[in-house]
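Colleague: Sequence:
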Amino acid sequence: MEDIERDWDKPIAEAGIAAKASVIVRVGLLDLSAGTGSFRVREMMHRIAYPLGVHVRADVNLTDIEAACTDGKDRITEVIDLPSTGVNTERIWLLEHFADWFSVNLGEESMYHVQPEVSQGLMQHLDVKDASQVSADLSRQLRKEEKEEKAASRPGQDAVLDALEDASRHNDPGDPRAHQLHVHETDWSQSAMAQSLAARAVDEQAREAEQAAEQAAETRRTPASDAMESDFPDHAAGASDKPSRRLGAKASKAANRKPPKEYAEHFDHLDGASANGNGGHGITVRQAHQRLDMIEHRKPLYSPAFAGLASAIACASFVFLLGGGPYDMIGAFVGAGLGHWLRRLLFKRHLNQFFVTFVCVALAALACTGTLRLIGLFDPIALQHDTAYIGAMLFVIPGFPLITSGLDMAKIDFPSGIQRLTYFLCIVLMATLAGWMVASIVHLNPTGFEPLGLNVWVNGALRFVFAFLGVWGFSVMFNSPQRMCLVAAIIGAITDTLRLEIVDVGVPAEAGAFIGALLAGLLATAWRSSVRKGWLAPHFGYPRICLTVPSIVIMVPGLYMYQAMFHLGSFDTLTALDWAFKAFMVIICLPIGLAMARVITDKSWRYDI
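Position 603 of the sequence shown, counted from 1, bears residue number 592 in our numbering, the numbering being contiguous throughout.
Don't take each hint at face value.
[Stated by the list, open to error] List time: in silico BS3-like cross-link candidates among lysine-lysine, alpha-carbon distance up to 30 angstroms: (1) K118 - K337; (2) K592 - K400; (3) K400 - K571; (4) K522 - K592; (5) K522 - K400; (6) K337 - K288; (7) K400 - K136; (8) K522 - K118; (9) K133 - K522; (10) K118 - K139.
[Stated by the list, open to error] Distance windows between CB atoms, simulated: (11) K337 - G61: 24 to 30 angstroms; (12) A57 - N448: 34 to 40 angstroms; (13) E439 - F570: 23 to 29 angstroms; (14) L340 - K118: 45 to 51 angstroms; (15) N444 - D53: 43 to 49 angstroms; (16) L340 - V588: 38 to 44 angstroms; (17) A57 - E137: 46 to 52 angstroms; (18) L334 - H432: 46 to 52 angstroms.
In short, the hints are calculated from the structure, not lab data.
Don't be surprised by glycine CBs; every beta carbon is placed ideally from N, CA and C.
All chains, full assembly: derive it from the sequences and hints.
Modeller: Now the structure itself:
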């Protein structure tokens, strides 16, 4: 901590290894806390470490990171633990922009987005609640400026080529595009940076002049002149006053290479420029942490009530896709809405996840059953819908850990993959156990949903609509901005409708899940590539995982998993194993489909390097 405090107001490129590692590991920790997989956490940490000249070797698990960072001279190992895990797709998206802003500010190219100006603007407006709107406004402004510039200087040129050419101009390391944050910063930050840049320029000019003078002196120096200097020291000192002053300054500078007293003893091999705080362009350690503070402490985009409504819509839509009718959807709507609303309130108090899951699922099942019993007072048919409460429980499905576990295993990261899969199974176990206990208490017997008998075309159209609504609801639960929710909902509506239709014509459910996940991955990649090529606006460049997981979480066989637990509780082991293996086959096909899409479209996944 002493080393980090000592470098707090220095340009981060010149800070010690402790300060650099504090930013690198913190970025990885924030990405991990947002629910992404270990492969992506490592990628993000390497992206931050590269412009700093730091090599990182990190072990990333479900809730902890052990990272060893070295700059070739010093080495530090940090171990950080999370108390719990969760999902926050907005944070994943903002961290991508932070990484691009950070890299461009240190003279490197942006990695995730073609136009780093959008990242720069987002990092300047992290105090705004709707960062997606800020991104959209910046994107529109950039496009407007590009059109005006093209109309004024090069009319008739192709817009896409202009955009790519304009983006290529921003890759000059000597012209960092991301400037300092103008909100929530004090005067010291700008003055410290300006002084650092000015001092570095003066040092470089003095160094060049010193080298030129030394070379000239070496050329003029002869044995005779050396003898004169030895015999007449005063005359020699007067004749070569400037070189001697330079040599004295050089010796003084070498002496200053020793670390000052405030340096911690274990990091005392820093060069003179770094020790004096001179030189370098970019941002200070304080400014980097300042932005990470703002990303970490951003409030959720949606209130518990709105998130509960989104959960109600998602689970009601899920029930229709499973074959439920209007009464089943109404029961699931009420149960899931109350259950997720309570879950958000309990999570604010940092209660144990498994306890919260059990309580909220029990409430959802009781609320669903109570709603149907109330409707049954007016229409006795509602009393026959004993399967609807399963749909009310589906808001607790941990889709992100399930999908990222498969992706981690595809990258040969078995410790992280197994931990995530175990976490998924524990949450599912608590949820199904709570549902089974409620069913036993109120004497429910889930036998499945009755056929609706709809026309094929009407059924297909309704599937598209409810798949769209279901994915939108899950995206809101994952704290996605509305634009991201809509993009994921479009992808999910296409893929899930296709999956259900091909299953109806005889394709096995496992193959349908694989095809749906594969198509979701390909569509998400195509969407992101379209943004990078300029066919879509820059603010639509969302992370693939933020689009694919919500679009396929609705394919997770929650009904199969609950049926397995229900029959197991009734000691009907053969039927329980049948449902369990059906669920298992569908579950493993979902991440395999996504991983296959990455192998097809991403070279870093296609080859083991």
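Colleague: Next step is simple, just say for each hint if it's right about the structure.
Modeller: To see whether the hints hold, each was checked on the structure:
no.	hint	in the structure
1	K118 - K337	holds, 19 angstroms
2	K592 - K400	holds, 13 angstroms
3	K400 - K571	holds, 25 angstroms
4	K522 - K592	holds, 18 angstroms
5	K522 - K400	holds, 27 angstroms
6	K337 - K288	holds, 11 angstroms
7	K400 - K136	violated, 43 angstroms
8	K522 - K118	holds, 29 angstroms
9	K133 - K522	holds, 17 angstroms
10	K118 - K139	violated, 33 angstroms
11	K337 - G61: 24 to 30 angstroms	violated, 45 angstroms
12	A57 - N448: 34 to 40 angstroms	violated, 56 angstroms
13	E439 - F570: 23 to 29 angstroms	holds, 25 angstroms
14	L340 - K118: 45 to 51 angstroms	violated, 26 angstroms
15	N444 - D53: 43 to 49 angstroms	violated, 53 angstroms
16	L340 - V588: 38 to 44 angstroms	holds, 40 angstroms
17	A57 - E137: 46 to 52 angstroms	holds, 50 angstroms
18	L334 - H432: 46 to 52 angstroms	violated, 30 angstroms
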